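Undergrad: Residue numbers (my numbering), protein chains in the order written: chain H, 1 to 197; chain W, 198 to 342.
Read the hints as simulated data drawn from the structure, not as lab findings.
What you are looking at is a predicted structure, and each value in this text was computed from that prediction instead of being measured.
Among these hints, one or two may not hold up.
Said to hold, decoys possible - Which chain H residues face chain W? A few, computed with CB under 8 Å, are given here: (1) A26; (2) A30; (3) L41; (4) T58; (5) Q59; (6) A123; (7) V130; (8) R131; (9) F150; (10) L173; (11) A174; (12) R181; (13) R186; (14) D187.
Unchecked claim - Lysine to any residue pairs mimicking SDA-like chemistry, simulated, CA-CA at most 25 Å apart: (15) K39/H to Y252/W; (16) K39/H to A238/W; (17) K219/W to I156/H; (18) K219/W to E152/H; (19) K39/H to V239/W; (20) K219/W to R98/H; (21) K219/W to A174/H; (22) K219/W to T67/H; (23) K39/H to T67/H; (24) K39/H to E200/W; (25) K219/W to V166/H; (26) K219/W to L249/W; (27) K39/H to A233/W; (28) K219/W to A77/H; (29) K39/H to R266/W; (30) K39/H to S11/H; (31) K219/W to R85/H; (32) K39/H to A224/W; (33) K219/W to R140/H; (34) K39/H to D246/W; (35) K219/W to R175/H; (36) K219/W to P13/H; (37) K219/W to R178/H; (38) K39/H to G251/W; (39) K219/W to P74/H; (40) K39/H to E262/W.
Note that beta-carbon positions come from the ideal geometry of N, C-alpha and C, so glycine has one too.
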Amino acid sequence: MSYDGRDLTHSDPDIDDVRRIGAGDASAAAALVRRRSPKILALSRRMLNDAAEAEDVTQEVFLRVWTHAANWRPGGAKFETWLHRVAVNLCLDRLRRRRETPAGDALPDRPDESPDAEQSMWADQRAARVRLAIDALPERQRAAIELCSFQEVTNIEAAAALEVSVDALESLLARARRSLRDNLARDLSDLLGVVDG
Amino acid sequence: MNEARFQEILAAYGADPRRWPKAERAAALAYYSQDAAAQPAVRDAEALDALLAGYAAVPASSDLEIIARISRKVSAAAPQSTRLGSGRPGRLQAFAAQGRNAAAAAGFLAAALTGLFIGFGNGASGVFTVDASDELIVSYAMAEG
Chain H
1 MSYDGRDLTH SDPDIDDVRR IGAGDASAAA ALVRRRSPKI LALSRRMLND
51 AAEAEDVTQE VFLRVWTHAA NWRPGGAKFE TWLHRVAVNL CLDRLRRRRE
101 TPAGDALPDR PDESPDAEQS MWADQRAARV RLAIDALPER QRAAIELCSF
151 QEVTNIEAAA ALEVSVDALE SLLARARRSL RDNLARDLSD LLGVVDG
Chain W
198 MNEARFQEIL AAYGADPRRW PKAERAAALA YYSQDAAAQP AVRDAEALDA
248 LLAGYAAVPA SSDLEIIARI SRKVSAAAPQ STRLGSGRPG RLQAFAAQGR
298 NAAAAAGFLA AALTGLFIGF GNGASGVFTV DASDELIVSY AMAEG
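Just chain H, with the same shape it has in the complex (with noise of 0.2 Å):
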């Protein structure tokens, strides 16, 4: 995984196989998708947090690919922002249509802190509670965390995936991380104390 910023490079890891899906080859078409569906699957999961439409959403991703691999011209961004462009688009269309409302308020109480609480089931509980925070972000901040944070892009890919420039990219994330330490200020007090000693 690469963080050196060289997003607009020549050397794409996917263009052979996307030459090949252009002329029509199904098992091209077959090892993109088992490799790179798993990033995909995930990052449509954490934004629509529903399994169904996150297989949905990346199979439609992938039968996208038959019907623009023979246009790719390779020589600008990585196939691999293309994929993470419409993986983006088609959550936030889902996103847009479901209209979720804000689950700020529905932050889970805190578990129970005596001494034997489960370790598991306090990781759990808080990584429940961070899901809530980033589900309460507006779209277009839960897509640039979901790019920067979990799909280790780089900020250029981030950016072009997301068809905004890089100050804007950074304004979406800076809001973002704004209203997650918000939202998580406990847990955060928690961590720092026990850094903290």
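On the provided structure of chain H, position chain W as indicated by the hints.
TA: The following block gives chain W in isolation, referenced to the frame of chain H:
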């Protein structure tokens, strides 16, 4: 690099230098090493990073089934005109619905063998059961989007 830009980087990307813009990474690291006043902000960012890292989903074993299912549907949606005549005996190509009579396509699939032998580029092969319902036709129709 100055304090304002360093704080902007922390605010947007967090405390992990691997996520900082490449062109500014070295300068930001140098700035941090020289400015003790930046440490509290870095610590706060690290805490949020740790929360997010704890949330990042670990691939479930069921993901392998999902990916295999998607792979089959995507492979089966290959445009027919570029796949016919592969010359490999026993290969049955997916029947594209676009521009073709859907009822004829479904009838063809229903009359075909229920076992489908598909060869992969790496020489591996497997047997899949074709769902002779609308699955392939619907899958290809989705590809038109």
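Undergrad: Taking the hints in turn, state whether each one holds.
TA: Hints and how they fare:
1. A hinted interface residue such as A26/H counts as satisfied when its beta carbon comes closer than 8 Å to some beta carbon of chain W; here the least separation is about 4 Å, so the hint holds.
2. Interface hint at A30/H: satisfied, since its Cβ lies 5 Å from the closest Cβ of chain W, which is below the 8 Å cut-off.
3. The restraint placing L41/H at the interface with chain W holds, with a minimum CB-CB distance near 6 Å, inside the 8 Å limit.
4. The interface hint given for T58/H holds, since its Cβ lies 6 Å from the closest Cβ of chain W, which is under the 8 Å cut-off.
5. For Q59/H, the shortest C-beta to C-beta distance to chain W is roughly 5 Å, which falls under 8 Å, so the interface hint holds.
6. Here the hint on A123/H is kept, as its CB sits about 7 Å from the closest CB of chain W, short of 8 Å.
7. Checking V130/H against chain W: minimum C-beta separation of about 4 Å stays under 8 Å; hint holds.
8. A distance limit of 8 Å between C-beta atoms decides the matter here; for R131/H the minimum to chain W is near 6 Å, and the interface restraint holds.
9. A cut of 8 Å between beta carbons decides the hint on F150/H: the least distance to chain W is about 5 Å, and the hint holds.
10. About 4 Å separates the beta-carbon of L173/H from the nearest beta-carbon of chain W, less than 8 Å, and the hint is met.
11. Against a cut-off of 8 Å between C-beta atoms, the interface hint on A174/H holds, since the closest Cβ of chain W lies about 4 Å away.
12. The closest approach between the C-beta of R181/H and any C-beta of chain W is roughly 6 Å, which is under the 8 Å cut-off, so the hint is satisfied.
13. The restraint placing R186/H at the interface with chain W is violated, with a minimum CB-CB distance near 11 Å, outside the 8 Å limit.
14. Among the interface hints, the one on D187/H holds; its C-beta lies about 6 Å from the nearest C-beta in chain W, closer than the 8 Å criterion.
15. Between K39/H and Y252/W the alpha-carbon distance is near 15 Å, which keeps this suggested pair within the 25 Å criterion.
16. With a CA separation close to 30 Å, the supplied pair K39/H and A238/W exceeds the 25 Å bound.
17. At most 25 Å may separate the alpha-carbon atoms for a hinted pair to count; K219/W and I156/H meet this at roughly 10 Å.
18. For the proposed pair K219/W and E152/H, the alpha carbon gap of about 14 Å is at most 25 Å, so the pair holds.
19. Distance restraint check for K39/H and V239/W: the Cα-Cα separation of roughly 28 Å exceeds the 25 Å cut-off, and the hinted pair is therefore not satisfied.
20. A distance of roughly 37 Å separates the Cα atoms of K219/W and R98/H; the hinted pair therefore is violated under the 25 Å criterion.
21. Restraint check for K219/W and A174/H: the C-alpha separation of about 18 Å stays at or below 25 Å, so the hint holds.
22. Taking the CA atoms of K219/W and T67/H, the gap is about 34 Å. The hint is violated against a cut of 25 Å.
23. Pair hint K39/H plus T67/H holds up; C-alpha atoms about 21 Å apart against a cutoff of 25 Å.
24. For the given pair, K39/H sits about 35 Å from E200/W by alpha-carbon distance, which is inconsistent with the 25 Å threshold.
25. Between K219/W and V166/H, the direct Cα distance comes to roughly 13 Å. Compliance with the 25 Å bound is thereby established for this hinted pair.
26. At most 25 Å may separate the alpha-carbon atoms for a hinted pair to count; K219/W and L249/W meet this at roughly 22 Å.
27. Of the supplied pair hints, the one linking K39/H and A233/W is violated, its CA atoms being roughly 37 Å apart against a limit of 25 Å.
28. A hinted pair counts as satisfied when its Cα atoms are at most 25 Å apart, and K219/W with A77/H qualifies at roughly 17 Å.
29. Between K39/H and R266/W the CA atoms are separated by roughly 16 Å; this keeps the pair inside 25 Å, and the hint holds.
30. Straight-line distance between C-alpha atoms of K39/H and S11/H comes to about 20 Å, which keeps the hinted pair within the 25 Å bound.
31. For the given pair, K219/W sits about 22 Å from R85/H by alpha-carbon distance, which is consistent with the 25 Å threshold.
32. Using a Cα cut-off of 25 Å, the hinted pair K39/H and A224/W is violated, with the two alpha carbons roughly 31 Å apart.
33. Of the supplied pair hints, the one linking K219/W and R140/H holds, its CA atoms being roughly 23 Å apart against a limit of 25 Å.
34. The suggested pairing of K39/H with D246/W holds, with an alpha-carbon distance near 19 Å, which does not exceed 25 Å.
35. For the suggested pair K219/W and R175/H, the alpha carbons sit about 22 Å apart, so the restraint of at most 25 Å is met.
36. Taking the CA atoms of K219/W and P13/H, the gap is about 20 Å. The hint holds against a cut of 25 Å.
37. About 23 Å separates the Cα atoms of K219/W and R178/H, which keeps this hinted pair within 25 Å; it holds.
38. Note on K39/H and G251/W: the hinted pairing holds, with a Cα-Cα distance of about 17 Å set against a maximum of 25 Å.
39. Proposed proximity of K219/W and P74/H is supported: the alpha carbons are some 23 Å apart, at most 25 Å.
40. For the hint linking K39/H to E262/W, the alpha-carbon distance of about 15 Å falls within 25 Å, and the restraint holds.
In this structure, the hints that do not hold are numbers 13, 16, 19, 20, 22, 24, 27 and 32, in rising order.
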